[in-house]
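Each protein sequence line maps, in turn, to chains D and R. If you're matching positions, the first sequence starts at 0 in numbering that gives the first Met the number 0 and goes up one per residue. If you're matching positions, the second sequence starts at 0 in numbering that gives the first Met the number 0 and goes up one per residue.
The hints are simulated quantities; they were obtained by calculation from the structure and are not laboratory data. Owing to the predicted nature of the structure, the values given are computational and were not obtained by experimental measurement. Each hint should be verified, as a subset may be incorrect.
To be verified - 16 Å max Cα-Cα, derived EDC-like pairs, lysine to aspartate or glutamate:
(1) D/Lys-350 with D/Asp-407
(2) R/Lys-74 with D/Asp-407
(3) R/Lys-70 with D/Asp-407
What the hints assert, rightly or not - Here are the simulated distance ranges between beta carbons:
(4) R/Val-83 with D/Gly-123: 38 to 48 Å
(5) D/Asp-201 with R/Val-44: 14 to 24 Å
(6) D/Lys-383 with R/Asn-20: 46 to 56 Å
(7) R/Asn-20 with D/Ser-381: 49 to 59 Å
Quick reminder that beta carbons are idealized off the backbone N, C-alpha and C, glycines included.
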Amino acid sequence: MINYDLVVVGGGPAGMAAALKAKEEGVEKIIILERAETLGGILEQCIHTGFGLHYFGEELSGPEYAEKFIVQVEASDIDVKCDTMVLDISDDNVVTAVNKTDGLVKIQAKAIVLAMGCRERPRGALEMAGTRASGIMTAGTAQKYVNLDGYMPGKKVVILGSGDIGLIMARRMTLEGAEVKVVCEIMPYSGGLTRNIVQCLDDFGIPLRLSTTVIKTHGRERLEGVTIAKVDDRLQPIPGTEEYIECDTLMLSVGLIPENELTKNVGIPLDRVTNGAVVDEMRQTGHKGIFACGNVLHVHDLVDYVTLEAQLAGKGAADYILGRTPGEAIYVAPQTGNGVRYIVPQKINIKNPNDVKLYFRVGKIYKNARVVVECDGNVLSSKKKVKLAPGEMENVVISADVLASMNDNSTLSVRVEE
Amino acid sequence: MKKELTCVACPLGCQITVEYNGEEVISVTGNTCKRGDAYARTEIVNPTRSLTTTVKVDGGVHPVVPAKSSKPVPKSMMFDCMKVINAASVTAPVTIGQVLIPDILGTGADIVATNND
Chain D
0 MINYDLVVVG GGPAGMAAAL KAKEEGVEKI IILERAETLG GILEQCIHTG FGLHYFGEEL
60 SGPEYAEKFI VQVEASDIDV KCDTMVLDIS DDNVVTAVNK TDGLVKIQAK AIVLAMGCRE
120 RPRGALEMAG TRASGIMTAG TAQKYVNLDG YMPGKKVVIL GSGDIGLIMA RRMTLEGAEV
180 KVVCEIMPYS GGLTRNIVQC LDDFGIPLRL STTVIKTHGR ERLEGVTIAK VDDRLQPIPG
240 TEEYIECDTL MLSVGLIPEN ELTKNVGIPL DRVTNGAVVD EMRQTGHKGI FACGNVLHVH
300 DLVDYVTLEA QLAGKGAADY ILGRTPGEAI YVAPQTGNGV RYIVPQKINI KNPNDVKLYF
360 RVGKIYKNAR VVVECDGNVL SSKKKVKLAP GEMENVVISA DVLASMNDNS TLSVRVEE
Chain R
0 MKKELTCVAC PLGCQITVEY NGEEVISVTG NTCKRGDAYA RTEIVNPTRS LTTTVKVDGG
60 VHPVVPAKSS KPVPKSMMFD CMKVINAASV TAPVTIGQVL IPDILGTGAD IVATNND
């Protein structure tokens, strides 16, 4: 058994920022365990720019954003094991991992940060008839083929789902000479950032068909085409609206799922909406000493927010390891009011002496609406928003003064008013 | 004339209204930062876009290295730039920030590596 103060599971942006923050806060022995060959996580294949505007004040590509943290990790005495898969976390914080050089390793940790990220929803999760012809893949898989392996997975492409990865891949494939015929979105709105619809679809004249899905794939060995159809209010295909589109590639960008197998195995309670752990304001889960941050906690649209969240988790883990946590904890759970799908953190220790930022997502698109925060029946803030969309994470700050005025019977809520 | 734009300068995606007369911009409203103002003005006169792609590498860990234009290139020249980039190859090692293709097609933008390989 090896001993570490802090074990960080995952070496993407969340894991690196958490480890670096914990180091800065005075934690001595830290190790990052990463499944891939290198640090950086998914950023390594996200070669488009748009990362870092909030955090660094400059627009970076994914690898450049990652590099800024990789350099710091390498310059520190944080240990890193890549090509290493964590298999299990025990109730008493023993991390079991495996790799080719060490075999099976057991690490006793004082605290653990979960930063495993998320994965894409696969074809099997969709109701889609047809054969298992090649040429059907998630947009992220296609992104890896093109951007890391340097080969084009197809020439005529249909994309299902208008999440950001799908939109980014529509542009990427077009620039590399493929014909992207259409992007279909089952919902009546896109789940991607508006700027990506403008610069990835509109710029190249790629049509976005809303309330439309792929109902059948055609072809035996290789995909030959897909049948698309309009859907009704209940997202069911409308008979008579079917349309055949010839293509050799179908890319799926139909949602991301936090990768929480380890979390579930150790018995940590999950939030049914985020599919991530229920956490407090320092991102501590329901299991003492285990923290979570980044896309494994809830899917983020901007990596900048992942970094900020991971630093909270790193600070939380450091405080826990070094015995600096405020003695008695009194938790208040912020309630999701009208229009708000979820809030992270799900609970706040009101004894915490700092401002707390609540991150949330809305359930549909709102124009000229207000975000209202209420505490014990008093409106704390009512902020006008030109636009609110499910694809864009919002936040409100609850000040330390407000928290100090609360007690264990207090209520706190966030809602949207049209 | 008036034109509604979605700013692509950052992920916020502000809705901007530009009032203009031919190539002369009269007013820009709806933006929340200076970058938005600049974006709206160039979008009317000469739309430009940052270009991100990959460049072939010989002898590296990966067969390609990611790259970007050091500044936005004219939107109308993106495919011409891609032809030049796809015909090029560099030899490993490549370091992040290294200029792979200087002044592509006279745009003043360099194609710069965004990772090591």
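Evaluation of the provided hints:
no., hint, in the structure
1, D/Lys-350 with D/Asp-407, "holds, 10 Å"
2, R/Lys-74 with D/Asp-407, "violated, 57 Å"
3, R/Lys-70 with D/Asp-407, "violated, 54 Å"
4, R/Val-83 with D/Gly-123: 38 to 48 Å, "holds, 41 Å"
5, D/Asp-201 with R/Val-44: 14 to 24 Å, "holds, 18 Å"
6, D/Lys-383 with R/Asn-20: 46 to 56 Å, "violated, 32 Å"
7, R/Asn-20 with D/Ser-381: 49 to 59 Å, "violated, 39 Å"
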